[in-house]
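*Asks:* Please model the complete structure; the sequences and the hints are all you need to start from.
Line by line, the protein sequences give chains A and B.
Numbering-wise, the first sequence is residues 0 to 153 according to numbering that gives the first Met the number 0.
Numbering-wise, the second sequence is residues 0 to 138 according to numbering that gives the first Met the number 0.
Check each hint, because a few of them may be wrong.
Derived contacts from chain B toward chain A, CB cut-off under 10 Å, selection only [as the list claims (entries may be wrong)]:
(1) 34
(2) 48
(3) 51
(4) 99
Each computed SDA-like pair below joins lysine to any residue, with the alpha-carbon atoms no more than 20 Å apart [unchecked claim]:
(5) 125/B to 33/B
(6) 76/A to 148/A
(7) 123/A to 49/B
(8) 123/A to 81/A
(9) 153/A to 136/A
(10) 76/A to 136/A
(11) 153/A to 84/A
(12) 3/A to 19/A
(13) 24/A to 97/B
(14) 123/A to 33/B
(15) 123/A to 139/A
(16) 153/A to 79/A
(17) 123/A to 32/B
(18) 123/A to 78/A
(19) 123/A to 84/A
(20) 76/A to 102/A
(21) 123/A to 44/B
(22) 24/A to 136/A
(23) 123/A to 41/B
(24) 123/A to 52/B
(25) 123/A to 40/B
(26) 24/A to 12/A
(27) 153/A to 139/A
(28) 153/A to 110/A
(29) 125/B to 77/B
(30) 3/A to 2/B
(31) 123/A to 31/B
(32) 123/A to 102/A
(33) 123/A to 125/B
(34) 125/B to 13/B
(35) 76/A to 3/A
(36) 123/A to 145/A
(37) 123/A to 34/B
(38) 76/A to 152/A
(39) 24/A to 138/A
(40) 3/A to 24/A
These aren't lab readings, by the way, just hints derived from the structure by calculation.
These numbers come from a predicted model, not from an experiment.
Every residue gets a Cβ at the ideal spot worked out from N, C-alpha and C, and that includes glycine.
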Amino acid sequence: MRTKITLAIIAVLIIGAIAIVVSNKQASNGGVSPFTGGTSAGSETLNPNAGNPNATTADTSGVSAGATVGTGVSQGKTYSMADVSAHTNASSCWTAINGKVYDVTSWINQHPGGQNPILSLCGKDGSSAFNGQHGGERRPASELATFYIGALVK
Amino acid sequence: MNTSRLTAYAPVVVRIGMSLVFFYFSFSQFSDPSAWTGYVPQGVVALFGGNAVLLVLLNAWFELIFGLALFVGFQTRIAALLLALHLVGIAATIGISPVGVRDIGLAAATFSIFCAGADMLSLDRKFLAHQPAQVPNAR
Chain A
0 MRTKITLAII AVLIIGAIAI VVSNKQASNG GVSPFTGGTS AGSETLNPNA GNPNATTADT
60 SGVSAGATVG TGVSQGKTYS MADVSAHTNA SSCWTAINGK VYDVTSWINQ HPGGQNPILS
120 LCGKDGSSAF NGQHGGERRP ASELATFYIG ALVK
Chain B
0 MNTSRLTAYA PVVVRIGMSL VFFYFSFSQF SDPSAWTGYV PQGVVALFGG NAVLLVLLNA
60 WFELIFGLAL FVGFQTRIAA LLLALHLVGI AATIGISPVG VRDIGLAAAT FSIFCAGADM
120 LSLDRKFLAH QPAQVPNAR
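*Replies:* This is the structure we're talking about:
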């Protein structure tokens, strides 16, 4: 009897956990059901080349994430490394990754691995560090895309 | 359900599992040290003349050597204590964040290896008789 009760409790916990995960996934996907498929309206598709180390600046023309989410596609600005290097601290932190420029100021306190890895990228090209840590990972790439502010020009 | 055998294997599972964690991060740091320089505290980097890559490689060697010691169960208590303190330092650097909290849990698990000492499958138990294994009383 005790075993049956224990198994029942475990089953309820597992089902509850699955339900929470599914509902969170639905919310992050903009309400698209994971059971029926269909396109996602989430940040991953706004910048399809996010996290792709082979992407060029031309691939991101006309795509901008962050503040423009939900308001349609707009032309991104362009920045040089001199522009990026002017934003080097926690109050304003820009970094260039894989040919694109990101304002990661608000991410400094949100980064799961602490502040230091983000602060070390401020004002620099963080492609090597980002690709080395998160290369090929969907979630960091989609997270990064939300901070996109423009393309990097040389 | 007789769990006495499970109790005997518990420290083995934790020891092997934690050693694999240290192996993974050691190999990651060896394969791309520059990707890890952001995690090195700036104060420590300054002590080593700004050479963060060197610090990452030193850290990788430390985790590999003591991870190996943990894996085979050689000087288990010493290896576990050093690695646990190492993880506490990392967690303190990262702070209260998903990774930091996770590292605190891993530090606790590694510290439990220090508390348990040599288990029945460790090298200490098999070749160094002065460290008896932690086995339950057989009945």
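*Asks:* Determine for every hint whether it applies to the structure shown.
*Replies:* Do the hints match the structure? See the list:
For the restraint placing residue 34/B at the interface with chain A, the shortest Cβ-Cβ distance is roughly 2 Å, inside the 10 Å limit, so the hint holds. Below 10 Å, beta-carbon pairs count as interface contacts, and residue 48/B has none with chain A, the closest being about 17 Å; its hint is therefore violated. For residue 51/B, the interface hint holds, the least distance from its beta-carbon to any beta-carbon of chain A being 8 Å, beneath 10 Å. Hint status for residue 99/B relative to chain A: holds, with the closest Cβ pair at about 6 Å, below 10 Å.
Of the supplied pair hints, the one linking residue 125/B and residue 33/B is violated, its CA atoms being roughly 40 Å apart against a limit of 20 Å. For the hint linking residue 76/A to residue 148/A, the alpha-carbon distance of about 7 Å falls within 20 Å, and the restraint holds. With a C-alpha separation of about 17 Å, the suggested pairing of residue 123/A with residue 49/B holds against the 20 Å cut-off. Distance restraint check for residue 123/A and residue 81/A: the Cα-Cα separation of roughly 9 Å lies within the 20 Å cut-off, and the hinted pair is therefore satisfied.
Straight-line distance between C-alpha atoms of residue 153/A and residue 136/A comes to about 27 Å, which puts the hinted pair past the 20 Å bound. Among the hinted pairs, residue 76/A with residue 136/A is inconsistent with the structure: their alpha-carbon atoms are about 26 Å apart, more than 20 Å. Restraint check for residue 153/A and residue 84/A: satisfied, since their Cα atoms lie roughly 13 Å apart, inside the 20 Å limit. Restraint check for residue 3/A and residue 19/A: the C-alpha separation of about 24 Å exceeds 20 Å, so the hint is violated.
This hinted pair checks out: residue 24/A and residue 97/B have alpha carbons roughly 19 Å apart, not beyond 20 Å. Proximity of residue 123/A to residue 33/B is assessed by CA-CA distance (about 14 Å); at most 20 Å being required, the pair is judged to hold. Restraint check for residue 123/A and residue 139/A: satisfied, since their Cα atoms lie roughly 18 Å apart, inside the 20 Å limit. As the CA atoms of residue 153/A and residue 79/A are separated by approximately 6 Å, the hinted pair is consistent with the 20 Å bound.
The straight-line distance between the Cα atoms of residue 123/A and residue 32/B is roughly 17 Å, inside the 20 Å bound, and the hint therefore holds. For the hint linking residue 123/A to residue 78/A, the alpha-carbon distance of about 13 Å falls within 20 Å, and the restraint holds. A threshold of 20 Å between alpha carbons decides the hint, and for residue 123/A with residue 84/A the separation of about 6 Å falls inside it, so the pair holds. This hinted pair checks out: residue 76/A and residue 102/A have alpha carbons roughly 13 Å apart, not beyond 20 Å.
Under the criterion of a C-alpha separation no larger than 20 Å, the hint pairing residue 123/A with residue 44/B is consistent with the structure, at around 18 Å. Restraint check for residue 24/A and residue 136/A: the C-alpha separation of about 17 Å stays at or below 20 Å, so the hint holds. Simply put, residue 123/A and residue 41/B have alpha-carbon atoms about 16 Å apart, close enough for the 20 Å limit, and the pair holds. Taking the CA atoms of residue 123/A and residue 52/B, the gap is near 17 Å; set against the 20 Å cutoff, the hint holds.
Between residue 123/A and residue 40/B, the direct Cα distance comes to roughly 18 Å. Compliance with the 20 Å bound is thereby established for this hinted pair. Between residue 24/A and residue 12/A the CA atoms are separated by roughly 18 Å; this keeps the pair inside 20 Å, and the hint holds. For the proposed pair residue 153/A and residue 139/A, the alpha carbon gap of about 25 Å is over 20 Å, so the pair is violated. Only pairs whose Cα atoms come within 20 Å are accepted, and residue 153/A paired with residue 110/A is rejected, the gap being roughly 28 Å.
The straight-line distance between the Cα atoms of residue 125/B and residue 77/B is roughly 17 Å, inside the 20 Å bound, and the hint therefore holds. Between residue 3/A and residue 2/B the alpha-carbon distance is near 19 Å, which keeps this suggested pair within the 20 Å criterion. A hinted pair counts as satisfied when its Cα atoms are at most 20 Å apart, and residue 123/A with residue 31/B qualifies at roughly 18 Å. Under the criterion of a C-alpha separation no larger than 20 Å, the hint pairing residue 123/A with residue 102/A is consistent with the structure, at around 12 Å.
Taken as a hint, the residue 123/A and residue 125/B pair is broken in the structure, with Cα atoms around 53 Å apart against an allowance of 20 Å. Taken as a hint, the residue 125/B and residue 13/B pair is honoured in the structure, with Cα atoms around 18 Å apart against an allowance of 20 Å. In summary, the hint linking residue 76/A to residue 3/A is not supported, as the alpha carbons are separated by about 62 Å, beyond the 20 Å threshold. Restraint check for residue 123/A and residue 145/A: the C-alpha separation of about 19 Å stays at or below 20 Å, so the hint holds.
Simply put, residue 123/A and residue 34/B have alpha-carbon atoms about 14 Å apart, close enough for the 20 Å limit, and the pair holds. Distance check on the hinted pair: residue 76/A and residue 152/A sit about 10 Å apart at the alpha-carbon level, within 20 Å; holds. In summary, the hint linking residue 24/A to residue 138/A is supported, as the alpha carbons are separated by about 12 Å, within the 20 Å threshold. Among the hinted pairs, residue 3/A with residue 24/A is inconsistent with the structure: their alpha-carbon atoms are about 32 Å apart, more than 20 Å.
Checked against the numbered hints above, the structure breaks hints 2, 5, 9, 10, 12, 27, 28, 33, 35 and 40 and satisfies the rest.
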